[in-house]
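If you want the building blocks of each chain, they are given just below.
There are 2 protein chains.
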Amino acid sequence: MCKANIHIKLKSGVHDPQGKVILNTLHTLGFDNVKSVRTSKYFELEIENENNMDLTEQIDKICDEVLANPNIEIYEFNLENHS
Amino acid sequence: MCKANIHIKLKSGVHDPQGKVILNTLHTLGFDNVKSVRTSKYFELEIENENNMDLTEQIDKICDEVLANPNIEIYEFNLENHS
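First to last, the sequence lines map onto chains H and B.
Quick note, the first sequence lines up with residues 119 to 201 if you use the numbering used here.
Quick note, the second sequence lines up with residues 119 to 201 if you use the numbering used here.
Just so you know, nobody snuck in bad clues.
The list makes no distinction among identical chains, and a pair is therefore deemed to hold if it is satisfied within one copy or across any two copies.
No farther apart than 27 Å at their CA atoms in a straight line, the calculated lysine-lysine pairs in the DSS-like style are these: (1) LYS138 to LYS121; (2) LYS179 to LYS121; (3) LYS179 to LYS138; (4) LYS153 to LYS179; (5) LYS127 to LYS159; (6) LYS153 to LYS129; (7) LYS179 to LYS127; (8) LYS153 to LYS138; (9) LYS159 to LYS129; (10) LYS153 to LYS121; (11) LYS179 to LYS159.
Everything labelled a hint here was simulated from the structure, so no lab data went into it.
Bound-form chain H, shown alone:
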């Protein structure tokens, strides 16, 4: 069994409305020294890998087709072997 840790972020320059709302909330609560907030998504996938294949290509496909929006997001991942 493999574990894929996938981190999907907005490309720099893409607006992050959720981050802006959180920033405003933090300022309202007095956390004035916080200057910016960027939000992102994180996924942990458990993947069966009986033949010890290289899963990189599969995870690229999963990110491109399902998890990320390639127009505005970038992703990075690492794989852990739990054999």
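Fit chain B to the supplied structure of chain H, relying on the hints for placement.
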């Protein structure tokens, strides 16, 4: 300036409906070897720290009061100094 990288996950045992939907989607697309999907949130905060204070306590407060739901979520973070 400091950067705080904050990762907020559901406690183990807490249901993850979004993860379940993604898992079903992946199976529909033929990625049958994916056995589980857990989703989580990630935040990057830029924090001004003129007096080189220890920001740990402040970030704990921010997580407890704003970013995380302590009933069902746990958080971890690290701090990078960008001075």
